[in-house]
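There are 2 protein chains.
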Amino acid sequence: MTRLVPELLRRYLPILTWGAEYSRRTLANDLTVAAIVTVMLIPQSLAYALLAGLPAQVGLYASMAPLVLYAVFGTSRSLAVGPVAVASLMTAAAVSPLAAQGTPEYLGAAVALATISGLMLLAMGLLRLGFLANFLSHPVISGFITASGIQIAASQVAPVLGIHVEGENFLELIVSLGRNLGHTNPFTATIGLGSLAFLFWVRQSLKPLLRRLGVGERPADILTKVGPVVAIVATTAAVWGFALEPQGVRIVGTVPQGLPRLTLPPLDPALWMKILVPALLISIVGYVESISVALTLAAKRRQRVDPDQELIALGASNIGAAVSGGFPVTGGFARSVVNFEAGAETPAAGAFTAVGIALATLFLTPLLFFLPNATLAATIIVAVLSLVDLGALKRTWAYSRADFAAMSATILVTLAQGVEAGLVVGVALAIFLHLYSTSKPHVAVVGQIPGTTHFRNVTRHTVVTDPEILSLRVDESLYFPNARFIEELVNEAVAANPAIRHVILECPAVNTIDASALESLEAINHRLKDGGITFHLSEVKGPVMDRLKRSQFLQELTGKVHLSQFDAVSSIKPELAESTRAAPRAVAGIAAGVAPSPPSQQT
Amino acid sequence: MTRLVPELLRRYLPILTWGAEYSRRTLANDLTVAAIVTVMLIPQSLAYALLAGLPAQVGLYASMAPLVLYAVFGTSRSLAVGPVAVASLMTAAAVSPLAAQGTPEYLGAAVALATISGLMLLAMGLLRLGFLANFLSHPVISGFITASGIQIAASQVAPVLGIHVEGENFLELIVSLGRNLGHTNPFTATIGLGSLAFLFWVRQSLKPLLRRLGVGERPADILTKVGPVVAIVATTAAVWGFALEPQGVRIVGTVPQGLPRLTLPPLDPALWMKILVPALLISIVGYVESISVALTLAAKRRQRVDPDQELIALGASNIGAAVSGGFPVTGGFARSVVNFEAGAETPAAGAFTAVGIALATLFLTPLLFFLPNATLAATIIVAVLSLVDLGALKRTWAYSRADFAAMSATILVTLAQGVEAGLVVGVALAIFLHLYSTSKPHVAVVGQIPGTTHFRNVTRHTVVTDPEILSLRVDESLYFPNARFIEELVNEAVAANPAIRHVILECPAVNTIDASALESLEAINHRLKDGGITFHLSEVKGPVMDRLKRSQFLQELTGKVHLSQFDAVSSIKPELAESTRAAPRAVAGIAAGVAPSPPSQQT
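Order-wise, the sequence lines are chains X and F.
Quick note: the first sequence uses our numbering, first residue 1, plus one each step.
Quick note: the second sequence uses our numbering, first residue 1, plus one each step.
Chain X extracted, bound-state conformation (with noise of 0.2 Å):
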């Protein structure tokens, strides 16, 4: 026991194995880099409090403790998790049913939704239940992205143009901005359409300028990243110096100054029931994220990444988000590549990054007081038009017809009925999708290439069979989904054809043979006796032959498993020549004739 539980400690407590390696260097590394991030974070986490349907100052606490508790307990060493836009967006689609924006009640449901999330990332990272994200298919969690970034993109317009719009879900707030462009205020247009253009230039053609300038390439990358803080300093100032609060622009106003009081989530049963599927979701949401941001920066440096460690760190991360009175975090793109290109060496970088964020809502808050609403809209719409991918439709078409069509209904769903629809409806379809391409699996009848052992698809080479012999080559597992369509197909061909006699399944793709396939081959194995035909398989793999060996069918089988197609059709010409010449045209006689014989077996 005394050498497991440091083992297990290690395991559960990564800091314990970086914390031992930390140098002076590496401090000073950590520090800058720290400071970078804290500088892009303050804008975002307050836009993304606002896209949630929160105080500004909630972004700011949910940006602290979950840094730190990652940094004690993630795996990924540039990792940087805090308020995102997806699931800021899936958050107010959570609460805004329960709650009016601005009351205690709405900022309590937030908070229980980064509660249970957090508790529930805590019990998958502790069960090993990681694989549960892999139900979110790519083309699903592609599909629902676009939607949600077109989503917030649309609803970010009103705050950019000091519009007010109502409605849930895209089509509803495209309507209700149609109908009150003409409210537009010509002051907050001017700083939000101006924030917009701006920061396009930032992102497009900054990087290319410095790059000319002589700056070097990452410096030029991160300069890029924090380009939005000048445009929130500028138009702070312009709203203070010219005055335009009371021509209506709508600013942030007062941020409390200081830490967040630690809380405990409310404890409504009641409450904890309704978000129970939107906290589902977002965790898993906010998992498929992170832990692909964490593969590919762990990757560029060969660093390892254990998923089910980086559950239970999102899970303490949110866990920490809502005692101090924050909302669903998880591990973004945008700050993680900006921590790793900026040299995070270690997780203690993020928690640098949560102290200057500390330190910036104690002392800087004041400075925020003007800071237009609508600037924080278009960073919200330049970051997150960056997550809309319509390409993917267009790639996803060419490659599969059936993961575009889980991928359209997603987007399709998300944007017509919201988030968790979507979401349900993507996952449902590609599962269906996916049992249904595999119900009606390629099974090809195979003869033999004149000269050679090899067997092939009749319809695409030049191939020998004979009338006696029906040899079949299944390309797919045979589990539930597709059993009764091999009954179907053996039943169907032997009824078309009167003279087989042997009917040989060539099995080197079959995977698998559920309980349900077994039955069926039972089914096929006794019909076909039934008819005077004999059943043979070929190429059965080692693990699915051990298996049919624990079940009666291979006592049942009236032929023989070969090892191979060749093998099967050697040994059963002679069988059919002897047969035909003892009792020609005698079904009968040949059942009798080909007596149940014990299996051979491939190893």
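Hints are supplied without guarantee of correctness; some may be wrong.
In this list, chains with the same sequence are indistinguishable; a pair is considered to hold if it fits within one copy or across any two.
[Stated by the list, open to error] With a straight-line Cα cutoff of 20 Å, these simulated PhoX-like cross-link-like pairs (lysine-lysine) come out:
(1) Lys573 to Lys529
(2) Lys529 to Lys300
(3) Lys440 to Lys573
(4) Lys549 to Lys394
(5) Lys440 to Lys394
(6) Lys541 to Lys529
(7) Lys394 to Lys207
(8) Lys541 to Lys274
(9) Lys300 to Lys541
(10) Lys549 to Lys274
(11) Lys394 to Lys300
(12) Lys440 to Lys529
(13) Lys573 to Lys541
(14) Lys300 to Lys207
(15) Lys274 to Lys573
(16) Lys207 to Lys274
Worth flagging that the hints you see were computed from the coordinates, not collected in a lab.
Please build the complex by placing chain F on the supplied structure of chain X, with the hints as guidance.
For chain F alone, kept in the frame of chain X given last:
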């Protein structure tokens, strides 16, 4: 078009095919069969109507039109459709929450259930959606039928003893039975238990006795199947002769004489919405039962059954049942076997059976007045206990733990929560367990068997490997449930072995690569590239390769797609030797040395 129409007509009206060959000899034969089946069906129809909570005559009504319509549309020569035990139980479960037994609303809901079920089956047949039935895996359907059999038998103990019980599900029934056992009516119990004993004796001992007395195999079988009629006649005579009704023996009483009036089913959208899910489940369970029987009997005579046309025929049969005031029907095992063994040559035998039942409804119903319910309950118990197959649990446990879990969950939930919950949980669990089992596929590190071109699992065989080449063989299709697993596996393997400079994925068992897996392969390729490692594929199947060509992956792949694993290793080794000479330990040099090459292709 003129040539198409008869073709279509022949497809949708199989009667045109067999009707054209109909002869006087076939007629005589089919008439004999019909007489035998009619005698068997009358008590069964009455019993199943009572099981469904409906008046006894409804069972007769549901046994006429469906047989005629199946004769027109069905493709099986031997299938007999009508009320069956499981569908009757499901009807009771679906309709009981909506109306009280004995009310016109209860009958109306049962008729609506048959209508919707019929329309669904028709639609599935016309749209060729028969594969939907495949989602009901064998262990789930087998567990469901076993649980239904137990539940039905439990529900019939009370009428056998003449007591009244409360409760919907199995546990409630058993508890209620225990409490009310003291109220047993001695006369009813004598009739019920006597019938039960007689029927078990008929089932187990009559056939051997008849055979010893010199009766032929088939007549003995058929006499055994019509044995219940003797119990019906004897107990009806006893109730009449000994005037047992005043002693508390419940009897069938007045069965309306005459044919059912044709009516339209109730057009109540609210009612239809409530029974949509039960109707779908009854349709699918009924279809699975029916098609299994049809395929089994067809195979015995090498006849064809068209699964999609069978859906149409069952749909028409259910609509026929509905308009003649009946309840959901399907192809039953017992009646079809009797039909087959009595020698039915065409579906006309079924139509003549319908005439037989119509004659009975017109003239024999007064004779059924004194028929005790206890006798019908006894016939149900004996019939359904043959559905209970607890041995399947043991066989399935031996063969597959996942299938065992799905089967036992279906049984437990059906008994504890009812038929619909049982089916839904079973199907969902079966799908989940399948996806789970493929989410962590078998992956082997492979090495070369010295002196051969074969590569095998390093843990099972003595093989040669190169420390700079990692060869992985995945024994599963690559798709969303396992895409991330492969990513993490490669990430882990490469992080653990700093010497690796080439990774080869051997794909002989990969039947498909979906968009999620493609994305993962692209991620693996990019991440390996970032780490200075080249990524190769080998033994990719033709259809999988065709699809990969429609993506960007092959252009981006740092390595090649090799025809065989041997080719892959053979072509990499010289490269390795060369690059090691040129720039030992210089990872960047290797990455540059192995430039992206045009992929080769396996045909």
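A quick look at each hint next to the structure:
{"no.": "1", "hint": "Lys573 to Lys529", "verdict": "within (19 Å within a copy, 53 Å between copies)"}
{"no.": "2", "hint": "Lys529 to Lys300", "verdict": "between (60 Å within a copy, 8 Å between copies)"}
{"no.": "3", "hint": "Lys440 to Lys573", "verdict": "neither (31 Å within a copy, 41 Å between copies)"}
{"no.": "4", "hint": "Lys549 to Lys394", "verdict": "between (47 Å within a copy, 15 Å between copies)"}
{"no.": "5", "hint": "Lys440 to Lys394", "verdict": "neither (26 Å within a copy, 30 Å between copies)"}
{"no.": "6", "hint": "Lys541 to Lys529", "verdict": "neither (25 Å within a copy, 34 Å between copies)"}
{"no.": "7", "hint": "Lys394 to Lys207", "verdict": "neither (29 Å within a copy, 68 Å between copies)"}
{"no.": "8", "hint": "Lys541 to Lys274", "verdict": "neither (48 Å within a copy, 48 Å between copies)"}
{"no.": "9", "hint": "Lys300 to Lys541", "verdict": "neither (38 Å within a copy, 31 Å between copies)"}
{"no.": "10", "hint": "Lys549 to Lys274", "verdict": "neither (49 Å within a copy, 46 Å between copies)"}
{"no.": "11", "hint": "Lys394 to Lys300", "verdict": "neither (29 Å within a copy, 51 Å between copies)"}
{"no.": "12", "hint": "Lys440 to Lys529", "verdict": "neither (25 Å within a copy, 38 Å between copies)"}
{"no.": "13", "hint": "Lys573 to Lys541", "verdict": "neither (24 Å within a copy, 30 Å between copies)"}
{"no.": "14", "hint": "Lys300 to Lys207", "verdict": "neither (22 Å within a copy, 77 Å between copies)"}
{"no.": "15", "hint": "Lys274 to Lys573", "verdict": "neither (67 Å within a copy, 60 Å between copies)"}
{"no.": "16", "hint": "Lys207 to Lys274", "verdict": "neither (46 Å within a copy, 61 Å between copies)"}
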